[in-house]
Amino acid sequence: MQPDPLDRRIINALQGGFPLCDEPYRAVAGSLGIDEAELIGRLQRMLDARVLTRFGPMFQIEAIGGAFVLAALAVPEDRFDEVAAQVNALPEVAHNYRREHALNMWFVLATETVDGIAQAIARIEQSTGLTVYAFPKEREFFVEMKLAA
Amino acid sequence: MNAPDDIDRRLIVATQAGLPLVPRPYDMLAGQLGVTADEVRRRLAAMIERGAIRRIGAVPNHYALGYTANGMSVWDVADARVDALGEQVGALDFVTHCYRRPRRLPLWPYNLFAMVHGKSRDEVDDKLQQIAALLGDACGARDVLFSTRILKKSGLRISA
Numbered sequence: 001m002q003p004d005p006l007d008r009r010i011i012n013a014l015q016g017g018f019p020l021c022d023e024p025y026r027a028v029a030g031s032l033g034i035d036e037a038e039l040i041g042r043l044q045r046m047l048d049a050r051v052l053t054r055f056g057p058m059f060q061i062e063a064i065g066g067a068f069v070l071a072a073l074a075v076p077e078d079r080f081d082e083v084a085a086q087v088n089a090l091p092e093v094a095h096n097y098r099r100e101h102a103l104n105m106w107f108v109l110a111t112e113t114v115d116g117i118a119q120a121i122a123r124i125e126q127s128t129g130l131t132v133y134a135f136p137k138e139r140e141f142f143v144e145m146k147l148a149a
Numbered sequence: 150m151n152a153p154d155d156i157d158r159r160l161i162v163a164t165q166a167g168l169p170l171v172p173r174p175y176d177m178l179a180g181q182l183g184v185t186a187d188e189v190r191r192r193l194a195a196m197i198e199r200g201a202i203r204r205i206g207a208v209p210n211h212y213a214l215g216y217t218a219n220g221m222s223v224w225d226v227a228d229a230r231v232d233a234l235g236e237q238v239g240a241l242d243f244v245t246h247c248y249r250r251p252r253r254l255p256l257w258p259y260n261l262f263a264m265v266h267g268k269s270r271d272e273v274d275d276k277l278q279q280i281a282a283l284l285g286d287a288c289g290a291r292d293v294l295f296s297t298r299i300l301k302k303s304g305l306r307i308s309a
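Those protein sequences? They're chains A and B, same order as listed.
Numbering follows the numbering used here, with no gaps: position 136 of the first sequence is 136.
Numbers given in the numbering used here equal positions in the second sequence, counted from 1, plus 149.
It should be emphasised that the hints constitute simulated quantities derived from the structure, not laboratory data.
Since this is a predicted model, take the numbers as computed values, not measurements.
Among the hints, a few may not be true.
As the list claims (entries may be wrong) - Restricting the straight-line Cα-Cα distance to at most 30 Å, the calculated cross-link-like pairs of lysine-lysine (DSS-like) are:
id	chain 1	residue 1	chain 2	residue 2
1	A	K137	B	K301
2	B	K268	B	K301
3	B	K302	B	K268
4	B	K302	A	K137
5	B	K268	A	K137
To be verified - Take a look, some chain B residues computed to stay more than 12 Å from chain A by CB distance:
id	residue
6	L182
7	V184
8	S269
9	D271
10	D275
11	Q279
12	A282
13	D286
14	C288
15	G304
What the hints assert, rightly or not - On the chain B side, residues computed to face chain A include the following (Cβ under 7 Å):
id	residue
16	P172
17	R190
18	L254
19	R291
20	I307
Glycine included, every Cβ here is placed at the ideal spot set by N, Cα and C.
Given these sequences and hints, build the entire structure.
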């Protein structure tokens, strides 16, 4: 589906702080001049169609004792789909993208403990037979996961 | 860096896939957790306050919004200057994430990563020129890795 102008207004309105009140959808709908059922229905449709990948709290797991680490693999082309399935099977893999480079698979590991990262990397190396290149962040300059819709 | 207590942890498990799409979502969570809706809201507010939740909101699929060119730009920046320059690159309005990360020599000489999203590769290339100009002679090799497929995008999943 292509998001229509109202869908885009909804996405833009929901990239900031969602209200912590009894009926938060009603509050947001009111500010958009639509009714609550329409807002909830459109959110459900956009999630079903994967225009939105999520709606809810975005956890910063490092603030609660866990870890996020970017990692990459150089996957032989003829094994790409098989390796993607092996990597994606781990619940610790939060995102995974194919990219154009010798390192052609880039994924983010999110684990509840810092030690969980090494365990997840070991499991991926064992299941794929490939070397995982980990790129832990040494410093964060900026993170803003908002894009104008 | 405190580990969450039991109720916070259960609240994370209950909401990591998303907030319930019902008129009273905090009441629904309260019912699942056996606490009051006020307690749910107080705990969410506290996690926002201490940075355990960045925000509560929508995560759009870049492609569906027309951002079809998603480039991870990577730069080999002199160690002595990378932190100051990283702050400046991160402040550019078209950079959504910017980090310093370790090099993996000889395969990977880059230590500064900046995500740039655009509606075409030309648009991203123009933005990369701006980053290159900002980095100037502090930067040696550079590359940009466009994503060509989303293989997974589920976000955090801790076990219940």
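Against the structure, the hints come out as follows:
1. Annotation: proposed proximity of A:K137 to B:K301 holds, straight-line Cα distance about 21 Å (limit 30 Å).
2. Of the supplied pair hints, the one linking B:K268 and B:K301 holds, its CA atoms being roughly 21 Å apart against a limit of 30 Å.
3. At roughly 20 Å between alpha-carbon atoms, B:K302 and B:K268 fall within 30 Å of each other, so this suggested pair holds.
4. With a CA separation close to 20 Å, the supplied pair B:K302 and A:K137 stays within the 30 Å bound.
5. For the proposed pair B:K268 and A:K137, the alpha carbon gap of about 27 Å is at most 30 Å, so the pair holds.
6. Taking the minimum C-beta to C-beta distance to chain A, about 14 Å, the non-interface status of B:L182 holds against the 12 Å cut.
7. Against chain A, the non-interface label of B:V184 holds: every CB pair exceeds 12 Å, the least being about 15 Å.
8. No beta-carbon of chain A comes within 12 Å of the beta-carbon of B:S269; the shortest separation is about 15 Å.
9. B:D271, annotated as away from the interface, keeps every beta carbon of chain A farther than 12 Å; the closest lies near 16 Å.
10. Residue-level check passed: B:D275 sits 17 Å from the nearest beta carbon of chain A, beyond 12 Å.
11. The claim that B:Q279 is not at the interface with chain A holds, since no C-beta of that chain comes within 12 Å of its own (minimum 15 Å).
12. With 12 Å as the threshold on Cβ separation, the claim that B:A282 sits away from chain A holds: the shortest Cβ distance comes to roughly 18 Å.
13. Every CB of chain A lies more than 12 Å from the CB of B:D286, the least distance being 20 Å, so the non-interface label holds.
14. Its beta-carbon lying about 15 Å from the closest one in chain A, B:C288 satisfies the requirement of being farther than 12 Å from that chain.
15. The claim that B:G304 lies off the interface is violated: its Cβ sits roughly 5 Å from the closest Cβ of chain A, which falls inside the 12 Å cut-off.
16. Against a cut-off of 7 Å between C-beta atoms, the interface hint on B:P172 holds, since the closest Cβ of chain A lies about 6 Å away.
17. A hinted interface residue such as B:R190 counts as satisfied when its beta carbon comes closer than 7 Å to some beta carbon of chain A; here the least separation is about 4 Å, so the hint holds.
18. The interface hint given for B:L254 is violated, since its Cβ lies 11 Å from the closest Cβ of chain A, which is over the 7 Å cut-off.
19. At about 13 Å, the closest approach between the beta carbon of B:R291 and any beta carbon in chain A exceeds 7 Å, and the interface hint on this residue is violated.
20. Here the hint on B:I307 is kept, as its CB sits about 5 Å from the closest CB of chain A, short of 7 Å.
Consistency with the previously given hints fails for numbers 15, 18, 19, ordered from lowest to highest.
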